[in-house]
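Protein chains in written order, with our numbering: chain R, 7 to 325; chain W, 7 to 325.
Source of the hints: derived by calculation from the structure; they are not laboratory data. The reader is advised that the hints may include incorrect statements.
It does not matter which identical chain is used: a pair holds within one copy or between any two.
[What the hints assert, rightly or not] Below, computed lysine-lysine pairings styled on DSSO-like, alpha-carbon distance capped at 30 Å:
| hint | residue 1 | residue 2 |
| --- | --- | --- |
| 1 | K310 | K174 |
| 2 | K256 | K316 |
| 3 | K40 | K310 |
| 4 | K256 | K245 |
| 5 | K260 | K316 |
| 6 | K85 | K195 |
| 7 | K245 | K195 |
Fair warning: this is a prediction, and the values are worked out from it, not measured in the lab.
What follows is the residue order along each chain.
Protein chains: 2
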Amino acid sequence: MIRIGIDAMGGDFAPNNVILGAIEAYSYINADTKIFLIGDEKKITEVCQHYGIDSGNFVIVHAPESIEMGEHPVRAFRKKKKSSLVVGFNMLAEGKIDVFASAGNTGAMLAGSVQVLNNIPGIIRPCIPAQIPLANGRNMLLLDVGFNSDTRADVLYQFGIMGSIFAKAMMGIDNPRVALLNIGAESEKGNIITQEAYKIMNDSTDFNFVGNMEANMLFNGGIADVLVTDGFVGNICLKQAEGMYELVAKLGVKHPFFNRFNYETYGGTPILGVTAPVIIGHGVSTPLAIKNMILQGEMVVEQKIIEKFKKAMLAVSAN
Amino acid sequence: MIRIGIDAMGGDFAPNNVILGAIEAYSYINADTKIFLIGDEKKITEVCQHYGIDSGNFVIVHAPESIEMGEHPVRAFRKKKKSSLVVGFNMLAEGKIDVFASAGNTGAMLAGSVQVLNNIPGIIRPCIPAQIPLANGRNMLLLDVGFNSDTRADVLYQFGIMGSIFAKAMMGIDNPRVALLNIGAESEKGNIITQEAYKIMNDSTDFNFVGNMEANMLFNGGIADVLVTDGFVGNICLKQAEGMYELVAKLGVKHPFFNRFNYETYGGTPILGVTAPVIIGHGVSTPLAIKNMILQGEMVVEQKIIEKFKKAMLAVSAN
């Protein structure tokens, strides 16, 4: 049985969109998967009644407080012990749910991951990946896209390990080709950190390292299935891609490729490297986005991502 | 009188495209501007004869050697004293030409700028800007796009000074709004270097600093006319924009906006912060690109960019 915890109060249109998304997901999840709606019980029941949804399809966990989008994430996480977000993290840490997903305050989600869950032993820094649509119809995994503004070479190498495992398990790519985002293909190119990361990754047999890759290949995939960078650069790449999406819309350019940038397709992005699965949704999440966030959560548990990360880190430390 | 030195042997299609571009530029430059073609005199004369071009329109400076595209830039620059590129830099340093432009080996151009010209007093690191076309028809200046892979906060602040002067003189933007490329708008966002750079830029009155800007505004301009970043990030942004240009071409998407990414429009990119004007052209330069490289060179001299940089640095050090 898989138990998916959802922050019913998370996101700009909560709890309505969360509950509508949960009921959409309900027809897709396994028969023995349970969706836990964490939030104000009265409000959840009211919304279910309003839309004629059978609230008996869900396990409702009462959490009377909620962390708003504008609140200081770390302070709110410490103070609001009865908020849906804090209750969700505690349930996850106590093993009462298998995955926790929220479209709420992103900073509070990051704070919770660090404060309640801790890192998987051996992992220096967690990270956030994003799937970049490629012109050939496939996706490439870019990571980190924003967890770490400052990084180190050995941290980038660990992103390669996590990215490789994630791409295989979640994207169905066998022996994923892992590249380092850089400003030239040659091994000596880049800044001090990428130069050092290149050496570590090239010496490693922990994943299929294929070398440096430049950003002009971001939308054709180039040589890579997984592209490693620090959270500062990765976030800028992702935002620039968003800017491109907005640009073509503004210019009136239509092509099905650009629809694949729609965040609703994935519904959220996981935090990789912490001891339990956490998925961060977009603040403006629609019911479709929430549905896909829940399905992604189920798959992360089914694919035993955390166990695979733990095993990989044990293998690394044994070498 | 403005004397523009051109590396006749620089670029994949030299000397043909260089000479064809020079003769195109000839009808646009001021009557008292002189184009110096630096390269193998015999080859230059042959090409002129082949195309029926009057070589008397140019000053031909004989340089029997040439640095090839694949050569190690620093080694080639040291060894090939009689190459068109080294002769050009020496003429520039000796004041025999007012600007030097080449579509040849970029690394050798950077090496020459550092080894022969030196930095303007007070400038810590030179940089390379690029004009990014915006959806509103204007351009934004992004710098640095590749000179410095590792940087410091005070170096970013100096890029703000140079970018502001360049945008006013070369792009006709009065009191240019200078922003710092970052992963959030708030002052405390970013990595250690951008956090510190924000403080220095915000405290400064040397240019019109408007704060942090995110990369999703790269093609609409957001709040800025000049966007400052380090050469690693700037190069990745520029390459990703190139990737977008290639992507839309591959998808068959047509819109006049994307034509503005054509490198031929500007013909080359200047190196800012060294003691004399240097312009680097694209290796595949067409005659049109060479023509625009020459016209940009003339404008850089007319606009007294170097003098303006020197004056600004004196003002800064006097504070």
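- Violated constraints from the hint list, given by number and in increasing order: Of the numbered hints given earlier, those the structure breaks are 2, 5, listed in rising order.
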